[in-house]
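Chains as they are written, first to last, in our numbering: chain A, 25 to 387; chain B, 39 to 391; chain C, 1226 to 1531; chain D, 1257 to 1591.
One or more hints might be untrue.
What the hints assert, rightly or not - In silico lysine-lysine, BS3-like type, Cα no more than 30 Å apart, as pairs:
1) D:K1532 <-> C:K1286
2) C:K1354 <-> D:K1343
3) C:K1354 <-> A:K73
4) A:K73 <-> A:K137
5) C:K1286 <-> D:K1343
By construction, these hints were calculated from the structure, which means they are not laboratory data. Predicted model only: the values in this text are computed from it and were never measured.
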Amino acid sequence: MSTESTPALLKGAAGADPVETDGPAPAGPSARGPRTRSTTAYLRYAAGKLAGAAVSLFAVLVTSFFLFRLIPGDPVKQMTGGRQVSTEQIAAMRKEFGLDLPLWQQFTEYCGKALTGDFGTSYQFRAPVMDKITEALPATLLLTGTAFVIYTVIGIWLGARSAWRNGSAGDRFHTAFALTLYSVPSFWLGLLLIITLSVGIGPVPGLFPTGGMESGSESGFAYVVDVAHHLVLPVVTLVAVEYARTLLVMRSSLLDEMGSDYLTTARAKGLRDDLVRRRHAVPNAMLPTVTLLFVNLGNTVAGAILVETVFSWPGLGGLFYQALSVPDLPLVQALFFIFAAAVILMNTLADVIYPLLDPRVGR
Amino acid sequence: MTAVKTESVERPEAGPPLLDVRNLHVTYGSGASAVPAVRGVDLRVEAGRKLGIAGESGCGKSTLALALLRLLPASATLSGQILLDGEDVLTMKWGRLRAVRWAGASIVFQGAMHSLNAVHRIGDQIAEPILLHGRAGPAAARTRAGELLEQVGLPAARADSYPHELSGGQRQRVMIAMALACDPRLIIADEPTTALDVMIQAQILRLIEKLVADQDLGLIMISHDLAVLSDTCDRLAVMYAGRVVEEGPAEQVYESARHPYSSALSAAFPRIGDLSSRHAPRGLPGDPPDPSALPSGCTFHPRCPAALDICATEDQELRVAGPSRRAACVLVEPGTAAAPGLFGGADEARSTS
Amino acid sequence: MTATTDSAPALSPRALTWTRRRQAAARFWQQYRAHRAGLAGLTVLALIALVALAAPVLVGKDSQSVTEAPGGPLEAPSATFPLGTDQFGRSLLALLVWGTRVSLTVGLLAAFLSVAIGTLVGITAGHFKGWYGNVVMRITDWFLVMPTLVLAIALATVLSRSLWTTVLAIGVTTWPTTARLVRAQTLSVESRPYIERSRALGGGHRHIMSRHVLPNVMPLVLAQTTLVISTAILTEATLAFLGLGDPTVVSWGGLLQDAREAGAVSSGNWWYLAPPGLAIAVVALAFTLCGRTIESVLNPKLGVSR
Amino acid sequence: MTTTPPAPLLSAQSLEVAFPGRRGAATARAVDGVDLDIRPGEIVALVGESGCGKTTLARSLLGLVPPTAGRVTFGGEPLDYAGRALKAYRKRVQLVLQDPSGSLNPRHTVYDAVAEGLRIHGYAGDERAAVAEALSRAGLRPPERFFLRHPHELSGGQRQRVVIAGALVLEPELIVADEPVASLDASVRGEILALLLRLRDELGLSALVVTHDLGLAWNIADRVAVMYLGRIVETGDVEQILTAPRHPYTQALLSVLPEADGDPVILTGEPPDPSKVPSGCRFHARCQVLASGEAERAGVADACRGQDLPVLDGGGAAQVACHWAAATTQAPAAG
């Protein structure tokens, strides 16, 4: 979805190419101060980015509060699930969840508590929202983290190979294959995998569990193996639908570099072809890709909602799906905030780290 | 296509010349869409001599530069001979070719901004070929990189800079330092001063001249600027549509060209103070030909102010046009006086349109 | 260099414009045809569009009805029902054909909405670089960090269940990508000398945006549209799968949800599950292929990026 | 050519353009006090190295960059930066840029490119005839053959002719050409320059040609102004300035030309930085006359280092902004 992830930084660098013959001179070597000055410039830049992230986080907090108030229906009625309850009981519940207060007061309270990490009490589970989230977080991190590492490695490796052999049969195959998987709905792929590999078709027995994260009876090393066993299908699903993006970006940024003069210089120096690629082309092409990686990581957390739902994975995504159907406002709000915060955090991290990787920018 | 043999012209030294290019052809693509970029070029450079190659866009001069070390893309086919120290570059094995690159001959590319890798420090980029060709260990290579930087007039401390932290002139100096890294005997400078200011250009040219003289290197300098080449080089070859159309001592080619094209090109660079060029810019009608659609006969004939009927049909080969001079024009008879006054005064032939 | 454009000497400016457009279109098609993947995508799309248009004729209006279902529940594929039946006994093939309409409609409308907003925002933000551009890009960035799917789910939850909600939810959440792309392209166009020439000729904001920027971002926008369509189709299926689609219409995502609820997974009824997902993938892939081809034809330098 | 100077057509008076520095860097004074007149039918060459402010000066004369101080007058009227007046001004003054491939929209045909000005200014007459006329004036004949071509189907020289035709179609009084031939092949340059000269002769068009190339100034200009670090340091008739330069900077520029006689004076150091204009004479840090001690002998070395020079007036007379030149020659130099 957000394949266009190159930060403004990059564009600035490209735009600042001193093509103009005249006008305000590009900061020449004489203008470049000692390292201390460039360090302060970088710190100022990073501080700016962090401040921007803080503003974004606050905006998300506001959105998370108001957006879900628009859901039609009374949450308390939903909670009681149609049972007969007295008006007193309803009033008591309203008071319990702070729904008796005017909206703006609910809002300030929400914001104040959110700052301390308190997102209220879940309607559904009658437990602190944060407890539910910390319970589910490890599962999500395990799933997305594993998938992220695998699709990043595959994507970059295949992307670089494809670009270097641009137009070859291998390139065409990998691009076509990646595009096809990219077009497949992740939940459908998950369901198919469950049918073929967990349920089993005809004589083929199920190889993997249909869902969940553990069988519940193991401990020690066996537990690790059990979790890994449960992990295989969800990870395969996530990797299959996600690696295409990394591959395509890596491929196109390496293609951009391939006509570059500095590669001719490297060849003229007598470098072997694979050294030209490894030492010169790939490091340059990696720069835009690195940014994408961070953005991917942020997005995968939210993107795992479907996979977690399909595989009954006890993570944040599954929790979100459950909470939505109630709707369990405090939980939905908090999860929405966390999903968005993950993206913001990763984007900011990419912005802050980028200048450290690319000597042309920021320092 | 048989080109005139180079043997007869001059040969003061006994050994083979540093570089001897014989009947070099370069064609991009193949079949119906083949584009001839270089069409039979003979060149030779002796150690310590400087050869200038002049020409305009599309004349094949940059292709020629890259062809000398077989750096052209795979779509290019080469034929002929490129004898570097007597060894043919075109028939070398890959390993041998890589060993010859930079150590036998190195290149100073045009537009140094893009020819340097933006994410590596310049010291590392200079040291890279030294390490690669096994000339020194890592520490010694770094020291050598610093020395080379000082040799081209930059402080050794600059080795820690990145290319974007340098000005255009400084980057070109880095390119030169890099070209010297493996003590090659031949340096190919492809438009080394294009896009630089006149003052910086003068600095860089001075530097190149000094280094070439000090180390007795051979130099091939490629440029569109005939005036600069005539000032810097010993001999000059003027290229047009993939061929050398005139060749000879630099000063003579610039001052009294025998080929109408060189003559026009030289007139396009006005001498300040020369009243005949005051308020009278000189040029040629038309444009340099597209290599994929070359005119018949002499490729220059559509733009030639002195063209005869025969020029449209008959290809002209290089012929002797004076002592150690050659030109490819039907009007050139061996021994005739120089320049048939084609561009003497204001004339009306130039205003086309 | 030698073009065959020597025109008859007496054409009016308007006629000249049309001649030029015809030539451009012909040239475009000429180059498009050379890309096999793009051609395949286009063929698939044409077929599917035909199916969607002819759905009433092909399978009949009543095939969606639960009460007048022709078969028994969850039948396996047979001659009568080539893809079997659902839990109500309706022909899955017929439902699949009907679903085409929803997927295409939602995909096209949502993509159109998204790209229209994105292009407008992108061009103006790139052209007016002052406070307007800054504010607009801040808003865009803020939308961009919202996890698209989560926001779309939230919107679909908040609003009443209908096709229009789905269109709106997708359109509103996917435009920032287009806006960023278009803005970047606008900035690059605006830095070209011909913009300065146009300004020096006296061209105002409107002139520059409509005569120079827009024609130069159109190829990108066109390619982006087809890519957004495929995203939109996927997102529509996702929302329907999560039960957030319009419950009154049959869509591919909805079929998958039905299949899951009917226990198709645990009973291994792959014929219920496979076809709708395959249909989604094929359509999404076809649009992606067309988009990439358009991109590489109209902007060869951009190459097949993405 | 400058016997009784007629009123200038375009005139800059004490013009200054400054760009605020990025990220706390010092302000760049790109144009730092310039007087410059261009009279009807005159071709003036503005010469200098990159970063000297010549392009910024040209842009601000066209109203593309607003001046920080000073003013621009056209036909005696101060330039009005309000929308409509500026638009009317831009009909009378045209810009020709260095890179003809970049200054044509790749998606517009030649016809569209040339007609653009007419459309912007709501031309009421026969658009087609006007476009054809401009194209043939610019040397593209027969014009109909070029109407439907796109820029990529033309050669560099032809593109520049299209740009010039696009300027001519509005029948301007002045053309500002920024490095008009710098990106063209040497053999093609002459034809384009000859075209500019012919337009002056036939239409009485004035031109300001911004260039780094002194040979170009010799080829076509009547008057030359040499710019260094935001100021004009020497100006006057081309023959006089280029054959007998008095400013050390002009002397150095001429001496490094390949065909120049005598030893080249190669200035050391990097091109000047407009965000750090030195005090005194702005050239003193690189001045070969000061460095060789000649200025000391003439007794002006202290002035060179500490005393700013007045702005040269924009008229036609030969002037030089140099303490040493003023002290060593009898000619009535400015200051």
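Here is how each hint holds up against the structure:
1. Proposed proximity of D:K1532 and C:K1286 is contradicted: the alpha carbons are some 80 Å apart, above 30 Å.
2. Proposed proximity of C:K1354 and D:K1343 is supported: the alpha carbons are some 21 Å apart, at most 30 Å.
3. A threshold of 30 Å between alpha carbons decides the hint, and for C:K1354 with A:K73 the separation of about 20 Å falls inside it, so the pair holds.
4. Straight-line distance between C-alpha atoms of A:K73 and A:K137 comes to about 25 Å, which keeps the hinted pair within the 30 Å bound.
5. For a cut-off of 30 Å, the pair hint linking C:K1286 to D:K1343 is broken: about 62 Å separates their Cα positions.
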